[in-house]
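Taking the hints into account, I'd like the entire structure generated from these sequences.
The listed protein sequences correspond, in order, to chains S and L.
Oh and the first sequence: position 16 is 152 in our numbering, straight run, nothing missing.
Oh and the second sequence: position 148 is 284 in our numbering, straight run, nothing missing.
Keep in mind that the hints were calculated from the coordinates and are not lab data.
These numbers come from a predicted model, not from an experiment.
Watch out, some of these pointers could steer you wrong.
Some residues of chain L that are not near chain S, with every Cβ distance over 12 angstroms (derived) [said to hold, decoys possible]: (1) Q239; (2) Y301; (3) R323; (4) P334; (5) S345; (6) L347; (7) R394; (8) K418.
Taking lysine-lysine pairs in the DSS-like style, the calculated list, with each CA pair at most 30 angstroms apart, reads [as the list claims (entries may be wrong)]: (9) L:K295 to S:K380; (10) L:K375 to S:K317; (11) S:K286 to L:K511; (12) L:K295 to S:K375; (13) S:K511 to L:K375; (14) S:K295 to L:K295; (15) L:K458 to S:K269.
For glycine and all other residues, C-beta sits at the position ideal for the given N, C-alpha and C.
Number of protein chains: 2
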Amino acid sequence: MSVNNEEMVVTPWEVTGKIDYDKLIRDFGTQPLTSEILDTIRKHTGELHPQLARRIFFSHRDLDWILHRYEAGEKFVLYTGRGPSGPVHIGHLVPWIFTKYLQDKFGAKLYFQITDDERFLQHDEFSMSEPAKWAFENALDLIALGFDPKKTRIILDTKNMDALYGLAIKIAKHVTFSTAKAVFGFRESTNIGMAFYPAVQAVPAFLESQLVGHNVPCLIPAAIDQDPYWRITRDVAPKLGFYKPAQIHCRFVPGLGRAGKMSASMPETAIFTIDNPQRAKKKVMSAFTGGRATIEEQKRLGANPDICSVFAYDYFLFMNDKEIEDLRYNCLAGNIMCGECKLKLAERVEEFLIEHQAKREKAKDRFEEYLFNPKDSW
Amino acid sequence: MSVNNEEMVVTPWEVTGKIDYDKLIRDFGTQPLTSEILDTIRKHTGELHPQLARRIFFSHRDLDWILHRYEAGEKFVLYTGRGPSGPVHIGHLVPWIFTKYLQDKFGAKLYFQITDDERFLQHDEFSMSEPAKWAFENALDLIALGFDPKKTRIILDTKNMDALYGLAIKIAKHVTFSTAKAVFGFRESTNIGMAFYPAVQAVPAFLESQLVGHNVPCLIPAAIDQDPYWRITRDVAPKLGFYKPAQIHCRFVPGLGRAGKMSASMPETAIFTIDNPQRAKKKVMSAFTGGRATIEEQKRLGANPDICSVFAYDYFLFMNDKEIEDLRYNCLAGNIMCGECKLKLAERVEEFLIEHQAKREKAKDRFEEYLFNPKDSW
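Here it is, written out as structure tokens:
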């Protein structure tokens with residue numbers, strides 16, 4: 137039951153090693169999500185989303201500020217996104233589900249950026265058709281989650297560049313190659329498209345302000361590996377007269393293997409939203425757990441939910457507080473065996489996928505409705 | 137009558153020192169314009185434009201190739217442009233006038249790129265409004281020259297980025313920061329917008345091929361200082377399956393001062409197309425000439441047309457072969473004094489500006505007609 141102790145690496149392109157979230161807060165200079173902030177959120181939402189209560193979203197920048205603004209009558213917009221290099225796995229859905237909760241509770245517009253340009257520039261082996269294909273496929277997953285079409289716009293970088301470029305060059309003018317190197321680890325061999333790209337990812341944080349002609353606060357819910365982009369964005373904001381975007385950062389959803397976040401590059405340990413539900417079930421049945429070597433031993437000593445990928449899925453996505461508390465107790469006490477847990481999760485995953493895939497099918501007809509068009513007023 | 141002997145510097149952003157055009161051909165690795173090529177051109181045009189006969193266009197890359205293609209029935213497109221950082225001076229018109237001749241004689245479409253993004257990114261003191269203003273003003277000068285509206289499209293970078301960005305990132309993916317540094321002299325302190333920009337300037341060379349779905353040869357008439365852009369463009373072309381763009385390079389039009397090309401940064405020695413014609417006349421009357429210290433001396437020894445800015449204007453823009461030959465003879469022989477020459481040029485400039493400005497006024501209503509729209513078929 138050893139865990140992965142290799143050095144932690146967290147960048148927008150790589151997340152490996154055992155993740156120490158307290159260290160990330162210190163290293164990145166963000167703030168932990170305090171009970172005080174959660175209390176403020178609860179005032180407006182009535183209930184706390186489990187992802188907040190469980191500190192799956194665990195860190196922030198200026199979330200207190202944006203809540204104060206909200207209480208003073210100033211609505212905020214949400215901004216998050218997706219790099220379309222392959223199918224979406226259910227780990228990706230975690231922050232999107234939370235983003236929908238914020239949209240519902242705060243009546244917030246969402247800008248969702250699909251960075252097909254970045255994925256094309258980053259992957260030597262990609263032609264433009266791969267990111268274009270996955271951009272469409274990934275958008276279906278977003279739409280399937282039930283985002284409000286009146287309050288949600290999907291930005292597709294290569295399709296919307298007429299609306300983004302003016303802001304992108306304003307941002308780019310304030311970012312030297314030397315800064316981009318230091319923040320993103322760019323090298324001399326980095327192509328000039330990637331060098332420019334951070335300016336493109338910064339744009340949606342200011343887009344609403346630009347479109348309506350006055351400053352509108354922006355909150356970015358995303359996994360913490362995207363933080364370097366927001367550091368650049370926040371540095372530039374005051375130089376252009378914009379508010380700095382606030383952020384709320386989530387943890388990485390683990391894969392079904394021994395360690396590491398769920399990753400499309402390890403398909404056997406990731407549950408894709410387009411997986412055949414039967415196949416997904418089998419992946420769960422092969423998942424790494426916190427179980428003991430023998431059933432006898434497990435009954436006597438109990439198992440370890442803290443390193444168990446099955447427990448993690450129940451925790452991140454599927455169980456309510458009572459269920460997860462019971463499961464944790466029974467696991468530690470040796471009252472439940474891994475096979476049973478896996479089977480239950482496999483059934484939940486199967487059920488989830490069947491339902492989600494039906495919604496994805498319906499989303500195909502609604503894709504255009506969600507696409508950003510700078511000429512719409514919305 | 138000393139001339140400027142400081143070291144020659146020729147980059148897209150700086151042209152200083154005494155220009156040695158033979159050295160530029162060697163340094164840049166281009167080809168001189170031979171009599172053989174001019175003969176081929178004459179076959180198709182009937183007459184040679186004075187800018188060819190006088191070798192104002194003096195150097196090329198693959199012009200012979202593009203003429204062979206033309207003779208085999210493959211039409212080429214033209215591509216040139218303008219960085220809108222201020223008013224156009226009559227030096228800028230020289231290659232545009234030649235481009236119109238090529239359009240007329242070869243029935244060629246022209247893509248004219250106005251690089252408002254580059255000028256914004258390059259000049260610290262510029263907001264977006266300066267390049268936007270000059271983009272419009274400069275376009276009027278182009279239209280006033282009589283380009284065929286059915287065969288001419290003006291690309292405004294910030295307005296047309298939806299049509300340019302897909303190609304720009306394909307190009308950018310093949311250009312490392314290290315290459316861009318070596319070719320353009322970029323530094324660590326260069327902003328990431330400028331780092332990306334060479335890819336944007338490369339796009340129109342491939343745009344026609346992209347739009348029609350098969351390779352179309354492209355000829356770029358421009359002053360030779362833009363050559364670094366075309367070196368990058370030519371390097372990338374085969375990697376994307378496009379023809380390398382051919383080029384034909386012109387000399388720099390001198391200013392009215394002692395040396396150096398006409399430059400908007402020295403307004404007293406540049407004749408702007410929007411100058412009051414009376415004021416332009418005065419500028420000419422203060423021009424640097426190749427005259428002697430006294431009239432007596434000049435009558436005895438003759439003057440020097442080769443360093444004379446007044447003679448240069450007659451040569452670049454205003455006189456036919458017979459006139460320029462007579463003027464040269466009479467100048468060397470001491471038969472004509474500088475005051476008389478300046479007065480004649482001043483009158484020609486005045487007349488030209490009055491006529492050009494009337495055409496510029498009419499162009500204001502036709503601006504939209506020339507704007508590139510990827511959805512038009514033209």
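Okay, the hints, checked on the actual structure:
Distance check for L:Q239 against chain S: the nearest CB is about 28 angstroms away, which clears 12 angstroms, and the non-interface claim stands. Its beta-carbon lying about 4 angstroms from the closest one in chain S, L:Y301 breaks the requirement of being farther than 12 angstroms from that chain. For L:R323, the condition that its CB be more than 12 angstroms from all CB atoms of chain S is violated, with the nearest at approximately 8 angstroms. At roughly 7 angstroms from the closest C-beta of chain S, the C-beta of L:P334 falls inside 12 angstroms, breaking its exclusion from the interface.
At roughly 16 angstroms from the closest C-beta of chain S, the C-beta of L:S345 stays outside 12 angstroms, upholding its exclusion from the interface. At roughly 16 angstroms, the least C-beta separation between L:L347 and chain S is larger than 12 angstroms, which holds for a residue marked as non-interface. Residue-level check passed: L:R394 sits 35 angstroms from the nearest beta carbon of chain S, beyond 12 angstroms. For L:K418, the non-interface assignment is confirmed: its Cβ lies about 38 angstroms from the closest Cβ of chain S, beyond the 12 angstroms cut-off.
A C-alpha spacing of about 27 angstroms is found between L:K295 and S:K380, which places the hinted pair at or below 30 angstroms, so the restraint holds. The straight-line distance between the Cα atoms of L:K375 and S:K317 is roughly 27 angstroms, inside the 30 angstroms bound, and the hint therefore holds. A threshold of 30 angstroms between alpha carbons decides the hint, and for S:K286 with L:K511 the separation of about 28 angstroms falls inside it, so the pair holds. Of the supplied pair hints, the one linking L:K295 and S:K375 holds, its CA atoms being roughly 24 angstroms apart against a limit of 30 angstroms.
For the given pair, S:K511 sits about 36 angstroms from L:K375 by alpha-carbon distance, which is inconsistent with the 30 angstroms threshold. Proximity of S:K295 to L:K295 is assessed by CA-CA distance (about 13 angstroms); at most 30 angstroms being required, the pair is judged to hold. Among the hinted pairs, L:K458 with S:K269 is inconsistent with the structure: their alpha-carbon atoms are about 65 angstroms apart, more than 30 angstroms.
Hint compliance for this structure: hints 2, 3, 4, 13 and 15 are broken, all remaining hints hold.
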